[in-house]
Amino acid sequence: VPWLAAVFLLAAPEPLVLWHAWRGAEAEALQRVVADSPVPIRAVAMPFEGYSEKLSAALTYGAGPDLFIYPHERLGQWVQEGRLAELEAPLQALDKPAAAAFVAGGKRYGLPLASKGLLLFHNRALAADPAADLWPAAPQAKPLLLQDLNSYYGAFPWVAAFGARPFDADGKPALDSPGHRLGMAKLSALSEAGVVAKGLDGAQATAAFLRGDAPFLIDGPWRFKQLQETFADLGVHPLPKVAGQRLRPMLTVDGVFVASGGKRAADAARVAAYLASDASAETRSRVGRQLVPNSAVTARLSDDRPQLAAMAAALRHGLPAPARPEMRSVWGPAKDAVDAVLRRGEDPAEAFAEAGQRLASLLAPLPPASDPTPWLFVGTALLLGLGWRIATEARRRLPGKGARGLGLAGFIGPGLTAMLLLVAVPILTGFGMSLFAHGPGGWHFVGLANYTAIGSAKGLGLTHPMSFWFTLVVTVVWTVLNLVAHVGIGLGLALLLHRKGLRLSPLFRVLLILPWAIPNYVTALAWRGLFDEHVGAINQIIAASGGEAVAWWDHGLTAFSANLCTNIWLGFPFMMVIALGALSSIPEPLIEAARIDGASAWQRLRFVILPQLMPAMMPAILLGTIWTFNAFNVIYLVSGGAPAHQTDILVSEAYRWAFEAQGRYGYASAYSVLIFGLLLVFSRFTDRTRQAV
Amino acid sequence: MTRGNSWVYLVLAGVTAVTLYPVLWVLGLALGDGVTPPGIAPLAGGLSGDGFEALFGDAMFGRALLNSAVISTVTAVIGVTLAASTGYALSRFRFFGREATLRGIILSQMFPGVVSAIPLFWLLNATGTFDTHAGLTLVYATTSVPFCAYTMKGWFDTLPGDLIDAGRATGVGDHLFVRFYGRLV
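Protein sequences, first through last, are from chains A and B.
At position 332 of the first sequence (counting the first as 1) the number is 332 in my numbering, and the numbers step up by one without a gap.
At position 179 of the second sequence (counting the first as 1) the number is 179 in my numbering, and the numbers step up by one without a gap.
FYI, nobody ran anything at the bench for these hints, they're computed from the structure.
Among the clues, some could well be false.
Said to hold, decoys possible - Under 10 Å between C-beta atoms, here's a sample of chain B residues computed to sit facing chain A:
| no. | residue |
| --- | --- |
| 1 | I40 |
| 2 | L55 |
| 3 | F96 |
| 4 | L136 |
Unchecked claim - To list a few chain A residues with every Cβ distance to chain B over 12 Å, as calculated:
| no. | residue |
| --- | --- |
| 5 | G163 |
| 6 | G171 |
| 7 | A273 |
Beta carbons are placed, not taken as given, at the ideal position from N, Cα and C, and that holds for glycine.
Pulled out of the complex, with its shape left as it was, chain A reads as follows (with noise of 0.2 Å):
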């Protein structure tokens, strides 16, 4: 029996493969959902962190699943790319706003199965009811609403309910709008008198409403759950008013989709339909307690399930996110806008005016293609020469080959065929990639454009923090100030340990060797944590000995200072290790003579010790230099390059522009060639002084 079961499984179909990123209640519902379907699906959950860049990544390539489910905003784009397979109307009865995210140019490409949006959670220990409006806005001891506001999703519908939409009727971006100026001015003068409450991120805002802090909470039906574990009798409602007009929040709608071309199209377009049936949906909102459009299961479930009710119904205020392929570009600049307002208190017209100009700038055409010709001549002269010049030059120095050449190529083959493919191939690649454009539409072939814009930081002005000049200005003084600290404090520390006599030294080596030791993203993101406004350890500190709370990331300097901090803390103990290495090899009678013949201490330091220190420092502070120059991992997760740009690194920068902008690849790969440039100058100019020395 055992193989006969062998073989009836070895001829059941593959089962489809379905990608999705919901956890918790919604991933265990899916499983129930999955377990009785009509065709055989494994469905894989994917880190919910980079999930729409792989997507895009394996759809572009042939490598995604049959299916997934995501929400509804990319689906202009991969329409326009091609990805999506047309699916058939549904049989049963949805809601309007669900159902039509799916369509585009009348054609249907995925089948809705979960709302989201934000509403209202309200305490009734501490409140009877919720607020009829917001306004006027008396000042308050203690905030009524928490919210997390660090995001354009946060405060859209504070500027929603004013009439601001991210793309106007025609689909032209509309930041500059008077709705985001007038719900903005609103909401920042709700948090001046305290009604909201300040610099919460969802985590701390979740907590606070957990604690009793305030009687209200805004936040998504995702944290349902959480929430009634503490409070049974939890109130739900739709968003409140400000000035008698109603919050309306932005929706999303978690959809299943079929990825085009796939081999078994027909098989994947039923288990979608399946998915999104009214049986499924019944498990989906039971077990998940998602919002599902499914009318006969809403209102099947609404005398049990009151909340779950009260929340589809908060969620007929929404208006659905677009899903324009541009509204990718809009959320970096509108947060920027958001945080400009809130945390600094800048006028909002001024804030939506830049942000609207800076989106103008990431959207802005792609440079016009140009005749590759002169390039490939160039480029193949360029080659040959190459070629001539090694030809010539192996003639010259290569002695007869036998053995020894054998076993040379034995050591270093494996090695150098591992550099040259994946080390030398991809950077080589990475200049050609600067001569070309990358865009929606594909790649073309631009020249220097990329380059040309980049020094003429178009269309921002020279000294605005996203513009190639002020980037390497923070750059340059980002890297010198770490490596005098490094350098100081490791030498320091070095001298310190290395006297005589010092019993506990091999401890201390090991406890300040630490820093190095740990992997430095970790501890990136433990700097974040020691500086956080409300529970870092830095503010408490500051607190206990009389002074004020600092908002480390809302202000230009103590963001960078904050990146210097925890660098500083990564950095030193590198360079501890180099000098202390170096002063171990400087001879014992060097020092002694100098002391004999009366040198002071400072002498010895200055004319000794240090001379000799130098030629294995310099090494080490080279390559110090370059790591600093690109410590990608601090500046983009202790302070994210916040506030606006102002504390990115031209590496930090580069990565936006070919990740959060678009995929402008050609013109990152062109800013990667300049700090290679400026990185290979420098070395330059240190190997002469070295030499000098």
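Starting from the known structure of chain A, arrange chain B on it as the hints suggest.
Frame of chain A; chain B shown alone:
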């Protein structure tokens, strides 16, 4: 001498305290209950294993741990083998292209890795190794080779070359590298 060292101990203890504080603070967070905000003194609040319990209960954690273990082991084995033999050759042989290789290694450190990720991504896709353990291991193992080979070269430079030369003269050849230097490493 000992009395003169007391201020040195004071300074070192101070610096060590500053150095260790962030590490202890994170440890305190990990052992906290996740609701009480952390205070100034790490580990002063009540200790709770909730965080670790939740972590070990998460099926994804086990998977991630296994992935890390497999990938880092294979990466280390391949990477060190490649880097050690390359470093050895760079240190002990004088050959055409040696300086160029050394210079190339330094230059490769100057190009931002963030951007060479794009061509690497293509390469993996073309070979069908994107999103596989093999592909990830390959990239990790080889991109670390230049720096490791350079470090290994420096280290081989400090070892006595006489032994190898003696070995060569008696016909043992460079196999000795594997047996003798392997033990020293």
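Verification of the hints:
no.	hint	in the structure
1	I40	holds, 5 Å
2	L55	violated, 14 Å
3	F96	holds, 5 Å
4	L136	violated, 12 Å
5	G163	holds, 39 Å
6	G171	holds, 30 Å
7	A273	holds, 28 Å
Hint compliance for this structure: hints 2, 4 are not met, and every other hint is.
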